[in-house]
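Protein chains: 2
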Amino acid sequence: MERITAKYYIETPLDLEKSAQLLAGEQSSGTFIAVPGETEELKQRFAARVESITPMDTANEPAIPGVLSAGGKYQRAMIEVSWSIENFGYNLPVMVSTLQGNLYELTQFTGLKLMDLELPASFATAFKGPKFGIAGCRKLTGVYNRPLIGTIIKPSIGMTPEQTAALVNTLALAGIDFIKDDELLGSSANSPFDKRVDAIMEVINRHADRSGKKVMYAFNISDDIDQMQRNYEKILRSGGTSAMISLNSVGLAGVKKIGEIGELAIHGHRNGWGMLNRHPLLGIEFPAYQQLWRLAGVDQIHVNGIQNKFWESDDSVVRSIEACFKPLLGGYSVLPVVSSGQWGGQAVETYRRVPSVDLLYMAGGGIMAHPDGPAGGVVALQQAWQGAVDGLSVAETAAKYPEFGHSVSVFGKKQA
Amino acid sequence: MERITAKYYIETPLDLEKSAQLLAGEQSSGTFIAVPGETEELKQRFAARVESITPMDTANEPAIPGVLSAGGKYQRAMIEVSWSIENFGYNLPVMVSTLQGNLYELTQFTGLKLMDLELPASFATAFKGPKFGIAGCRKLTGVYNRPLIGTIIKPSIGMTPEQTAALVNTLALAGIDFIKDDELLGSSANSPFDKRVDAIMEVINRHADRSGKKVMYAFNISDDIDQMQRNYEKILRSGGTSAMISLNSVGLAGVKKIGEIGELAIHGHRNGWGMLNRHPLLGIEFPAYQQLWRLAGVDQIHVNGIQNKFWESDDSVVRSIEACFKPLLGGYSVLPVVSSGQWGGQAVETYRRVPSVDLLYMAGGGIMAHPDGPAGGVVALQQAWQGAVDGLSVAETAAKYPEFGHSVSVFGKKQA
Chain D
0 MERITAKYYI ETPLDLEKSA QLLAGEQSSG TFIAVPGETE ELKQRFAARV
50 ESITPMDTAN EPAIPGVLSA GGKYQRAMIE VSWSIENFGY NLPVMVSTLQ
100 GNLYELTQFT GLKLMDLELP ASFATAFKGP KFGIAGCRKL TGVYNRPLIG
150 TIIKPSIGMT PEQTAALVNT LALAGIDFIK DDELLGSSAN SPFDKRVDAI
200 MEVINRHADR SGKKVMYAFN ISDDIDQMQR NYEKILRSGG TSAMISLNSV
250 GLAGVKKIGE IGELAIHGHR NGWGMLNRHP LLGIEFPAYQ QLWRLAGVDQ
300 IHVNGIQNKF WESDDSVVRS IEACFKPLLG GYSVLPVVSS GQWGGQAVET
350 YRRVPSVDLL YMAGGGIMAH PDGPAGGVVA LQQAWQGAVD GLSVAETAAK
400 YPEFGHSVSV FGKKQA
Chain R
0 MERITAKYYI ETPLDLEKSA QLLAGEQSSG TFIAVPGETE ELKQRFAARV
50 ESITPMDTAN EPAIPGVLSA GGKYQRAMIE VSWSIENFGY NLPVMVSTLQ
100 GNLYELTQFT GLKLMDLELP ASFATAFKGP KFGIAGCRKL TGVYNRPLIG
150 TIIKPSIGMT PEQTAALVNT LALAGIDFIK DDELLGSSAN SPFDKRVDAI
200 MEVINRHADR SGKKVMYAFN ISDDIDQMQR NYEKILRSGG TSAMISLNSV
250 GLAGVKKIGE IGELAIHGHR NGWGMLNRHP LLGIEFPAYQ QLWRLAGVDQ
300 IHVNGIQNKF WESDDSVVRS IEACFKPLLG GYSVLPVVSS GQWGGQAVET
350 YRRVPSVDLL YMAGGGIMAH PDGPAGGVVA LQQAWQGAVD GLSVAETAAK
400 YPEFGHSVSV FGKKQA
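Residue numbers (numbering that gives the first Met the number 0), protein chains in the order written: chain D, 0 to 415; chain R, 0 to 415.
FYI, nobody ran anything at the bench for these hints, they're computed from the structure. Any given hint might turn out to be false.
It does not matter which identical chain is meant; a pair holds if it fits inside one copy or across any two.
What the hints assert, rightly or not - Here are the simulated PhoX-like pairs of lysine-lysine, each with C-alpha atoms no more than 25 angstroms apart in a straight line:
#: 1; residue 1: Lys-308; residue 2: Lys-17
#: 2; residue 1: Lys-233; residue 2: Lys-138
#: 3; residue 1: Lys-233; residue 2: Lys-212
#: 4; residue 1: Lys-153; residue 2: Lys-213
Produce the entire structure from the sequences given, and follow the hints as far as they go.
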């Protein structure tokens with residue numbers, strides 16, 4: 000019978016083997032009463048199994064509150080635990096409750112983080128997954144052999160549909176591939192969702208008719224299920240190609256319901272992620288997290304960026320991008336969305352760490368505040384990536400391409 | 000214009016006022032580019048506002064990774080930030096992205112926890128909320144003037160519908176008010192959802208016909224949206240009165256979609272909660288958390304229990320119960336579900352800390368392993384609460400009531 004395996008980073012002042020078994024018992028058939036007719040065979044069929052325990056370093060203080068150590072030491076370890084697919088079948092929420100549920104309550108652990116998952120082959124027949132992924136998003140935008148260049152409408156909230164459409168017009172003229180709503184904007188008092196779609200799609204469709212290039216705009220449809228469906232239909236009717244969902248705020252069942260429609264590329268925003276990941280020994284790591292959303296049908300997912308303005312390290316960002324590129328169940332392709340403080344100067348380092356151009360590369364000020372105007376900003380980002388792929392340094396790329404050179408002279412200083 | 004106010008517990012090595020303003024800016028109209036036609040008035044309309052800053056103690060080490068302190072000190076504070084309802088209206092996911100989104104990514108904070116919310120009066124017209132709450136759950140079970148006494152089917156997973164129904168039969172004969180599936184059991188290989196409902200409701204309906212008392216059974220419907228709706232209908236058709244949902248695993252949009260149906264009492268299971276709350280300076284506290292689920296229509300919500308087997312402190316449990324009892328928008332009543340290691344001995348302390356019997360009080364071994372059998376266990380729990388309400392000590396209650404006395408002699412020793 001197929002099994003699902005989860006890898007956890009744990010910390011405990013108690014015996015490692017016993018603690019791992021406790022987790023496995025708590026999350027499956029562990030029990031304190033004998034049930035008439037219950038056989039050992041039946042119990043084993045549904046029992047979680049500890050597959051491996053790899054001790055790591057020790058700490059003198061507990062990472063999160065829990066039982067105190069008698070000897071003052073807290074042992075860390077990687078453990079792998081597996082469950083039979085018979086426990087929950089293809090039910091994602093119950094799988095999440097099994098892998099990420101009450102185990103976080105166990106006082107015996109002073110640290111617990113879900114690091115990665117291994118899903119069985121039959122999941123591929125049960126989950127539609129992303130309809131578009133990397134190849135589909137390239138086809139929808141007509142962009143090949145370089146990252147899709149995108150930007151976010153700023154200010155996040157407060158602009159009217161007309162002001163937003165004017166900005167979209169500027170960006171479309173500049174040759175942008177992708178634009179998105181901010182996650183703070185759903186349907187505000189001065190920018191109702193339908194009116195915003197109308198105003199923006201009029202601009203995007205006009206440019207598409209003129210140039211043959213249709214800008215992908217990810218409208219933030221996050222809302223109740225019924226309203227998300229109406230928003231989705233509105234985008235589709237208006238000729239749009241993408242819908243954005245705030246994954247953590249909507250939740251897994253809601254995202255899967257929308258993801259399964261499969262007519263628009265789903266842009267997965269992970270705002271709230273810091274709450275789930277920022278502590279090194281609590282929560283979930285991206286290699287596990289992104290698999291759940293790929294199963295739910297997300298085509299694009301945020302991974303932060305190299306040298307970002309947030310707290311996340313470059314190493315963590317690299318791991319996240321690599322996790323997206325790892326085939327899931329033989330495919331289930333998802334496009335990593337690189338953003339936060341990006342202006343192009345990070346392209347060289349990004350490509351050095353992960354040599355691929357299969358990215359949606361988002362920049363804000365690097366486009367809108369470019370000294371040659373937004374068109375110069377978009378070209379500069381394309382140049383930055385060309386330089387990166389050609390093995391040039393930032394300085395060499397700046398010397399070769401004037402627009403990127405201007406980026407470096409303006410934004411490079413701020414960075415340094 | 001109405002405003003939504005959120006209270007955060009923060010830690011930062013930087014200036015408190017500037018850090019609070021940074022959070023407010025990041026989560027609203029903070030921007031780096033001037034937009035043509037944008038007025039200061041429009042910007043102020045959508046800007047988040049820092050309402051108060053209350054400095055607290057300092058720490059010498061950052062609670063979570065972020066910017067390092069130049070002087071080696073990390074200042075903690077409570078801050079209140081408010082948003083106009085014009086920013087997101089009655090859109091719960093966008094409200095969550097605003098209150099709990101990218102702010103957790105800000106490296107300027109070395110601790111950030113959402114503590115509480117104040118919602119504006121007009122939310123009462125926009126959200127149906129819990130259909131049953133405390134009064135409705137009492138009416139459905141016919142239990143008044145004492146806590147509802149409940150239990151969880153154990154082992155969590157592995158039993159057949161017939162085995163489960165036999166256990167339900169024993170419990171119904173014992174006079175139990177409430178039974179629930181474990182969160183690990185949705186539809187397993189040997190306990191498909193529909194078959195389990197059939198087997199269990201046959202027992203419950205038979206006892207109801209006989210005694211007039213219908214046991215409330217919370218079947219775990221957690222699944223995809225469409226399947227949850229089918230599961231819900233199945234329970235309703237079979238004469239059931241409650242559906243359980245794993246809140247964090249299904250997510251806010253999915254829970255609200257089901258909660259709004261309003262035909263079954265929604266039992267809200269918060270498994271995964273430790274991930275969101277266990278660190279003192281990261282995540283969300285229950286007074287904020289439970290409001291979101293009440294808006295989504297949850298009638299019962301887990302709060303852990305006094306002297307529980309998990310990591311949570313009694314003080315935290317008390318705060319959670321009190322949060323449930325605080326009227327939301329004039330009502331939106333929710334029944335706190337007390338569980339984890341409860342056998343009745345904690346009733347006195349629970350009532351001393353929160354003098355109310357409006358609880359669903361869950362015990363496992365205290366019922367099934369009672370020396371007088373399950374019926375003795377159920378009676379003992381009722382006696383424990385009668386003693387607590389009458390101001391008796393555990394010893395006095397044990398002396399007065401034989402069944403509870405037997406509980407103390409068996410379970411009291413384990414506890415001590």
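Verification of the supplied hints:
1. For the homomeric pair Lys-308 and Lys-17, the shortest alpha-carbon distance between copies (17 angstroms) is at most 25 angstroms, but the shortest distance inside one copy (42 angstroms) is not.
2. Proximity of Lys-233 and Lys-138 under a CA criterion of 25 angstroms is satisfied intra-copy only: 22 angstroms inside one chain copy versus 43 angstroms between copies.
3. In this homomeric assembly, Lys-233 and Lys-212 come within 25 angstroms of each other (Cα to Cα) only inside a single copy, at 21 angstroms, whereas the closest approach across copies is 49 angstroms.
4. Taking the shortest alpha-carbon separations for Lys-153 and Lys-213, only the intra-copy value of 21 angstroms comes in at or below 25 angstroms, while the best inter-copy value is 56 angstroms.
In this structure, every one of the numbered hints holds.
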